[in-house]
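Visitor: Protein chains in written order, with the numbering used here: chain A, 1 to 496; chain B, 497 to 736; chain C, 737 to 1233; chain D, 1234 to 1349; chain E, 1350 to 1843.
There could be a bad hint or two in this list.
Said to hold, decoys possible - Distance ranges between label pairs, derived from CB positions: (1) E:1796 / C:740: 49 to 59 Å; (2) E:1710 / C:1184: 50 to 60 Å; (3) A:377 / C:1038: 55 to 65 Å.
Claimed, not checked - Covered stretches of chain B, going by a simulated chain E footprint (3 or more residues, C-beta under 8 Å): (4) 500-509; (5) 548-554; (6) 605-612; (7) 693-703.
Derived by calculation from the structure, the hints in this document are not laboratory data.
These numbers come from a predicted model, not from an experiment.
Note that CB positions come from ideal geometry on N, CA and C, so glycine has one too.
Residues per chain, in single letters:
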Amino acid sequence: MTLTSLLPLIALALPIIGGLAALGAGRRNRRLGIAVVAGTAVTTFLITALLALAAKDGLLREMTLVQIAPPVWIVFRIDPLGTLFAATVSGLFLLALIYAFGYLPDDRRQWRFHAFAMACQGCMIGVAFAGNLVTLLVFYELFSLLSYPLITHDRTRVAVAAGLKYLVYIITGGAFVWAGIILVFHLGGEIRFLPGGLADINGSPGLVLATFACLVTGFGVKAALMPLHGWVPDAHPAAPAPFSAVLSGVMVATGVFGILRVMFEIFGVSRLIEMGVLPWLGGIAGASVLLAAARAVGEDDLKRRLAWSTISQMAYVLMAVSTIGGQAVTGAFVHITHHAFLKGGLFFCAGLVATVTGATRISQLRGLAQRMPVTSLALTVLALGLVGIPPLSGFISKWLLGLGLADAGAMVRLGVMLAGALLAAVYLWPIIYRIWLPTDDPRFAHSHSREASGWMLGILIATGMLAVILGTAATLPGFPLDLAKNAAQWLVEPPP
Amino acid sequence: MRKFLALVLIAALGAVLIAAVVNLPEPGTTDSPVHTHVSAGYIKGGHEAGGADNLVTAVLLNYRAIDTFGEVTVIFTALIAVLAATSLAGPTERSGTQNIDLKTTRVPVSPVVSFVVRLMAPFIATFALFVMLKGHELPGGGFQGGVVLGAMLILLALFSGRTDKTDDEELPPGLRNWIRAAGPLVFGALGLTGLVFSGWLFSLPDHPFWREMVMIGLELGIGIGGAAVLVGLFRALREG
Amino acid sequence: MPIELHDLRPVLAPLISALCAGGVFVMGTSGRWRAIWSLAAAGLKFVIVWSMLPGTLAGSVYIFRVGEILPGLSIAFRVDAFGLFYALVTATLWVLTTVYALAYMKGSHALKRFFGFFALCISTTVAIAFAENLFTLFLFYELLTVCTYPLVIHDQDAEARRAGRKYLAYTLCGGAVILAGMLLVFHSAGTLSLAEGGILGDVDDHRVLLLIFLTLVGGFGVKAAIMPLHAWLPAAMVAPTPVSALLHAVAVVKAGAFGVVRVLYDVFGVNLLKSLGFATWLGYLAGFTIIAGSIMALRQNRLKARLAWSTISQLSYILLAASLLTPAAALAAIIHLANQAFTKITMFFVAGAIEHNTGKTHIDQLDGIGYRMPWTMAAFTIAGLSFMGVPLLAGFITKWYLSLGALAADSGGFVALMALSGLLNAAYWLPIIYRAYFRETGIPQLREETPWMLLAPIGICAGYVILLGTGAQAPLMPFSLAESAVRLAFGLEGGIP
Amino acid sequence: MNVLLTHVDYIAAVAIFLVGLYILLVKQNLLKKILGLNIMETAVFAFIVTAGMTDNGVPPLLGPDAVGPFASPLPHALVLTGIVVAVSITALALALIVRVKRECGSVELNELGKVE
Amino acid sequence: MSAAAHGLALVVLVPIVGGALIPALFRRFPTAAWGFALASSALTLAISISLIRRLLAEGPFSYAAGGWPPPYGVALHFDRFGAAIAVFSMITLLVLIFSRRYIPAVVPIARIPLYYALVMINLGGMNGFLVTGDLFNLFVFMEVFSVSAYALVAMARGPQAGLAAIKYLLLGAVSSLLVLFAIGLIFAQTGTLNMADAAGRLDAAASIVPTALALGALTIGFMVKAALFPLHVWLPDAHASAPAPVSALLSAVVVKAGVIGIIRTLQTFSDHGSLQLMPLQSLLIWLGAIAVLWGAVAALVQSDLKRLLAYSTVTNIGYIFIGLGIGSATAASGAAVHIINHAVIKAALFLAAGALIHQSGLRHIDDLRGLGERMPLSALALGVALLAVAGVPPTAGFVGKWQIGLGALETGRPLLMGVVIVGGLLVLTYGVRIINTLFFRPPLHVRVVTSREAPPSMLAAILLLAASSFLLGLAGKPMLDFVAPAILPLTDTG
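Just chain A, same shape as in the assembly (with noise of 0.2 Å):
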């Protein structure tokens, strides 16, 4: 057993111990949980970023482990795809974690959530290496059960409310992709990831179209594709802020994840195009990016106006890739990274401004940067990112996303594009407007608040200045945008 391996079991399992660890640890002593969380995490992100890394030229192995019953193994693979998902992941959970020290409160509760919490990102980044449909669906499964806890954490009647719908989606969901995948071991017998798709999909047109379908309505649950977005406008608010950054920044893409993993590596480019199904994919993704796009302008509160983002950023994703050109999908992975950081950012200022001055309603921000100047800048580097100005993070994804749809020449998709960023910056512009417009007016409550210090305010600069280097950097080698050009490559122009 080599380390190469190894460290793939190690990155999947060391958040699930740490988190046990640190709830046991920190109960008793909160410096030693937090060392326990913060090194947990922080060994974690460098494990599968030096992962990401290794395997970005391709498939840098993979491992067959346990076999459930003859045919249905748990496979883990290191491919370009799965560790540059699963560094986002690892990143944007370290942030989270440790912001979730000076978000929670000081008690025992807290450590149950960071166990939680460490638990899920365990079981992301088992998705994220999942070989096949099988692996996949068992940690998609778990997590999302894993979630729910943390999504009801404040347990107060939204929240719980929240969960519950969260559940019913998300179970659905699951039912959906779990009858996908049977659907595809009855068309194709053992299905691991195949970059090109199976070749032995058998079957009549019609059951493959509903494979298809299945799966795509499953994991388009947790993708947010609407019509099945229902759970993200409760689920986002009700969760505590650093889950809210998780939940917007990875786990939507989680959903994401599985459909491209579907798309390209179980039917196959050739396949799709020949199912006729993308245009109906983009078609759905693009009416997602405008409809949800269009709700957020329409929403005053905060985590739910971002939230209603999210949807709208992950529909270009898929919209992206409806073109499957190479250029596209390149920028819809970078996408992928980028909104994470940029909407987990946005989502650790709305829980800071929220702490700190109970403000939740973006009408209640007015004259925030009086009082909280380094959170307010913060807050307007990531929006002015996540409307995709130059050089912000956001930018470099929106412009290669542009740039693949009218490489695809799918202009229609490529007008949406932009009419969604349009949207995207009139839903964020009056954010960034009001916190700066100067206020007297005693009835904004923040209006006597200082600046939040500690953890929270040091995870939003990392996160502000994530935006500002991957903006400014992103061509670098190892940098996302590396990786996710190798992986495009890969899953697009698969090695023979």
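Given the coordinates of chain A, work out where chains B, C, D and E should sit on it, guided by the hints.
Guide: Coordinates of chains B, C, D and E only, in the frame set by chain A:
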């Protein structure tokens, strides 16, 4: 209603029965199977085969001895049954005051009748004995003699005026039980002697003398036993 | 063709536990002897049954003929792969259940009777598993009813008696119907021996076959609690928890399901059933039961009642799978015997432990119970997830093969049904788990973990649920046994497609 | 019609039988029922004896100078046995009736239905 | 002529002479009569076993009583139905063992010898009835066991017993008369009383009307003895009010005589070519089916334990007649075996019930709650026998029901099979009710709490019978094989 149904049933049954009997061979004719088959064999075999002039007795004691064994068993059983099954409790309240306690009430008996009965008794007994002993030659036999004997004893019991004495009247109880069982017992003995003498259970000895002796013994057993049973029945019924 | 070996073990397994049951009856007044004999019954059987595994896997069939009691009706035992699979499940679980029961029942009344019959049940169950022919199967099947009755009415109060009456009424009527079916089979086939590929191949009369199907499947379906023959099962909840475990997981309902599968595969045979098409209706009925049972389970507030309705739903998986008549589905049917057993028994043990520890019986009382009994509830969670079909747990395997089988049988609708059932399972297990961990009562919860004698069986079962889900292939797992059973039933040579 | 005449003996036996049966069926008094039974028995005996009857026959006493035609001996033996059996049953029945009368206070079946 | 053949007469002679000796021998020592009766019945049993051995070796054989060849003398005939005498002797033996402690409690001490005498005579009559090959002899021995049976019923205390006995007597006497009348008809047609001879000569008879009537009269007469619905009305009263061992004897053995009588009749005259027995057979099936259901339903509503068991006899007689009526080899052999098996089971039932009732002094089922704790063995025996009577495999009751059900199918009567099964289920219902009451309900009556297990002599008989009623089920095949040759003549008419 009940009567009507009964009449309907009887009418139907009667029709069936008459339909059946009129299809039987004509009674009285000698060529019917009744006469030509088994009976003819008996008559043909004569008294030599049956061991008795009286063919009815021969049938009873010889040809179909086992039937007669059953028969004496039935009547013996009836006695035991009556003894065993009659009311175990005394008179209950339910039976009311009109019930007469036969044990203690003396029935007034005319001395004339009483005298005549006692006078007649030895003659009757003698006749009964004659019927038993000559049953294999003349009309008669153990049952007939036994019934006469029993009737005499009942007569005596009725008119002797000694109704209050229930026990140790005619015979000591130990002996009485043996005599009552005489019927089955003599047949049991016959079964065994038959096995000894001729190799068949329930068969009479081949030697004419012994055969006659055994027959007489049987007749006596049947008769005396039968009489004892009859008296026993009478007493049991009277005592309730 | 399997190699037939004449061996004493098929009869020894039931006999020895029956003898031990006798020991309980004779010496059971003392608690220690009761425990010793009960454990001996379970343990010895466990050893004997497992000792046959290597041979059976190698393709041998152990046979023991006791004797022919009527022309064509003989008592005979034959250990084939399917029978051994069922026996392994029961034998293994029985050891755990006995340990659990010994701890759970402490201080109850009439313990001699309880453990005596408890040990007898094990004996009859393994005899059912090893039955060579329908008659032997029926014989011990009925005996099982008789032996479980005293356990059902153990409390002897009005409710228990009512439940007992219902239980008997259903199962005995079911038995009578089986008897009718048996007569029909014997009349038309001239034999009652269970044989791979069925024994009714030569029967032409469609009506007779239908009648046989209805009577046998209906009769065994009573114990398998297929709707509308299920009403006894929720009522029988009043029994003490080890008995519920026995009824719902190990012996009784499984015997029914086992019987149905035997009837389908070894009386009718796959090919005949395929040409007849009766099984489709059984599939629909089972499908209905799966959904309706789940919906009923949703409405229950009493924990054990919810478990009972869930059992009704879960059992029909077996029937549904068996009725699909494809190898993969058959595999699902057989494996689900084990999966459902281990999973459901975990839940029952937990329910019993909760009741034993805290006296709580209803779901709305369970707020925060996860803090009081963390390990216990962890086991419950595992079981719940398994039923939901979360991969890596036992329930997934069933659904997996069942769905594959359904697809192979061109009954894709059942895949949707599986998915729906998984959802419903989630809908009724998750709230319990949620309450246990995520609802606090406001009162600080003290740790009050289950005593180890109760906890150990729970833990082992829960562990097994995971094992069945992950390591079904491992050497000591009976998966390959199930495979060879399917191969035999379908006359396949190689692997299962 | 001729048949009826030739078999008139049998028919008479049947008639007696029916009379007895009627009594047995209709009468509620146990004693009367026993009487009915006895009448039926008599009828059956008569029937059997009739079967063995010979026109102008003599009893089957086989002396040295006995001359036929003889009546068949078999039915007579049967009837003799039958009579004894009938007597036995009658005796037992009477004893039981006495007992019933004592214990239940009645010998009418329709009243006895209410006993206990 | 081997010694075994004499046994044919001895099985009649020994018990009757033994019974006749008892009142005389044991006037002074009434309780010692038990031993003598036991010895005679044991001897009878031994003789009957030697008969069966010869039967197995040589096939059916006859014995000319008195050395007179048939048709002049009375021929005794031993075939496989006659072999039932061994079982009947065995049951009588066990009943006697049971009676040792039971009878002194219910019968005045002076009458104890009478009881034993009656039991022995009953046995002798039964044996004679079963082995005779002569029509009139059949009648005589029928009367022997009938009269003793009437008396045995009347030996119980209480107003019900006398009434039940007289009802039994009245119906029994009428049935005997019918039989005698039928014998007269046959005799008038054939001039012979030997069954085989008569059957042969009936063909030559001028008309079949008398034969048909005779056959009908015989059947109806035996039906009364066998208590086949609707002529069973005497049975519940008689069997419920008699002392327990008598009930056992009556239900187990005496009613069976009627059944065997019908079998003999059908068997003997089934060769009579001009006579179609089909209507008779379907009549038997119908009546049997009604009896099964009626008896079971009536038993369900009884509160008196013994009365319930009496109705159970009605049911089981129904089963036997269904089997006979179907007439196929399977069903008829099942019926034949059920005659034996039910005898054993019912004896076990009545004796066990008798022990429970005797020890507790209670006879209502509801009063017996919890008695199983106090009298575990007796109650267990009752439970086993109840399961057996319900036909739960592999008990003895199962054999007959299985064969009869199978026969129903073979002859294309699936509904009849349904009746067989439903009947078994109903029986099981009340069986379970009783078992439940005994074992699983807390005592209600104070007498239950003070009851003690039955004495060893009673227990021995009960347990032996209960064990047999279980084990005979395992011996179903040899038993069926045993009766199979005897069944063949019946089969032809089916």
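Visitor: Quick check on a hinted range of 50 to 60 Å for residue 1710 (chain E) and residue 1184 (chain C), using CB atoms only.
Guide: holds, 52 Å
Visitor: At least three residues with a C-beta closer than 8 Å to a C-beta of chain E: is that true for the segment 693-703 of chain B?
Guide: Since 7 is at least three, the answer is holds.
Visitor: Could you say whether the range 49 to 59 Å given as a hint is met by the Cβ separation of residue 1796 (chain E) and residue 740 (chain C)?
Guide: holds, 58 Å
Visitor: Taking 8 Å as the C-beta cutoff, is the stated coverage of the segment 548-554 of chain B by chain E satisfied by three or more residues?
Guide: Result for this restraint: violated, n = 0.
Visitor: For the segment 605-612 of chain B, does the count of residues with a C-beta closer than 8 Å to a C-beta of chain E reach 3?
Guide: violated (count 0)
Visitor: For the segment 500-509 of chain B, do at least 3 residues have a Cβ located nearer than 8 Å to some Cβ of chain E?
Guide: violated (count 0)
Visitor: Between residue 377 (chain A) and residue 1038 (chain C), is the Cβ distance one that fits in 55 to 65 Å?
Guide: holds, 58 Å
Hints 4, 5 and 6 from the earlier list are contradicted by this structure; the remaining hints agree with it.
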